[in-house]
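K.L.:
Sequence:
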Amino acid sequence: MGLREMKKQQTRQAISHQATRLFLRHGFDRVTIADVAAAAQVAKMTVTNYFPRKEDLALDLHEEFVAQPARTVAERARGESALAALRRAFLDAVDRHDAVIGFSGADFARMITESPALVARLREFHEEREHALAAVLAAEAGTSPDDVLVRVASAQLIGVHRVLFEETLRRTIAGEDHDAIAAALTDSAKKAFDLLEPSLKDYAVRR
Numbered sequence: 319m320g321l322r323e324m325k326k327q328q329t330r331q332a333i334s335h336q337a338t339r340l341f342l343r344h345g346f347d348r349v350t351i352a353d354v355a356a357a358a359q360v361a362k363m364t365v366t367n368y369f370p371r372k373e374d375l376a377l378d379l380h381e382e383f384v385a386q387p388a389r390t391v392a393e394r395a396r397g398e399s400a401l402a403a404l405r406r407a408f409l410d411a412v413d414r415h416d417a418v419i420g421f422s423g424a425d426f427a428r429m430i431t432e433s434p435a436l437v438a439r440l441r442e443f444h445e446e447r448e449h450a451l452a453a454v455l456a457a458e459a460g461t462s463p464d465d466v467l468v469r470v471a472s473a474q475l476i477g478v479h480r481v482l483f484e485e486t487l488r489r490t491i492a493g494e495d496h497d498a499i500a501a502a503l504t505d506s507a508k509k510a511f512d513l514l515e516p517s518l519k520d521y522a523v524r525r
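In the numbering used here, the protein residues as written are 319 to 525.
Just so you know, the hints here were simulated from the structure itself, not pulled from any lab data. Only true hints are included.
Calculated cross-link-like contacts (lysine-lysine; reagent style DSS-like; alpha-carbon spacing at most 30 Å):
1) LYS519 x LYS508
2) LYS362 x LYS325
3) LYS362 x LYS326
4) LYS362 x LYS372
5) LYS326 x LYS372
6) LYS509 x LYS519
7) LYS325 x LYS372
Work out the full structure, taking the sequences as your base and the hints as a guide.
P.N.:
Laid out in structure tokens, this is it:
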């Protein structure tokens, strides 16, 4: 990474840090872009250049969140199905207490769930995830992302991720620690992915 790129990353991280601090202290809906800019000691335009939408200041893992399932499927091993790859990757993420699947502090989880704007933005993230996964599956099958089979498979696979993400937030707000949440998620994830086995066990097996 060059000096210019490093400086940009540092500025982005500083803005994100100050935004999160303000959101947790005052609530997402009460904090403005101008407030974040002042706290980070940058111009308001600088904030919007890095984060075009206010919601993305709070949910700054957007790119990784959207890309993760599609990348997992694209990089799966030969003989591995999309379902098996996503199950394996999710359970690995649980072991790591990965923030991308919902691990956070109770204050942060509560901030998200209490803001209609953030809940709506998360819904968009899940939809973007579904479309990204559909694009990978369609490219491998040589069909369109609008193909009904591709869309149904993507909806089922991302649906499991969405439900488990919400379960992680719920348990976090309830005061469970990461280890307890991980144990519960491991069990729930295995059962959830098992439900998809009859229809997706042999779908999109890597050749």
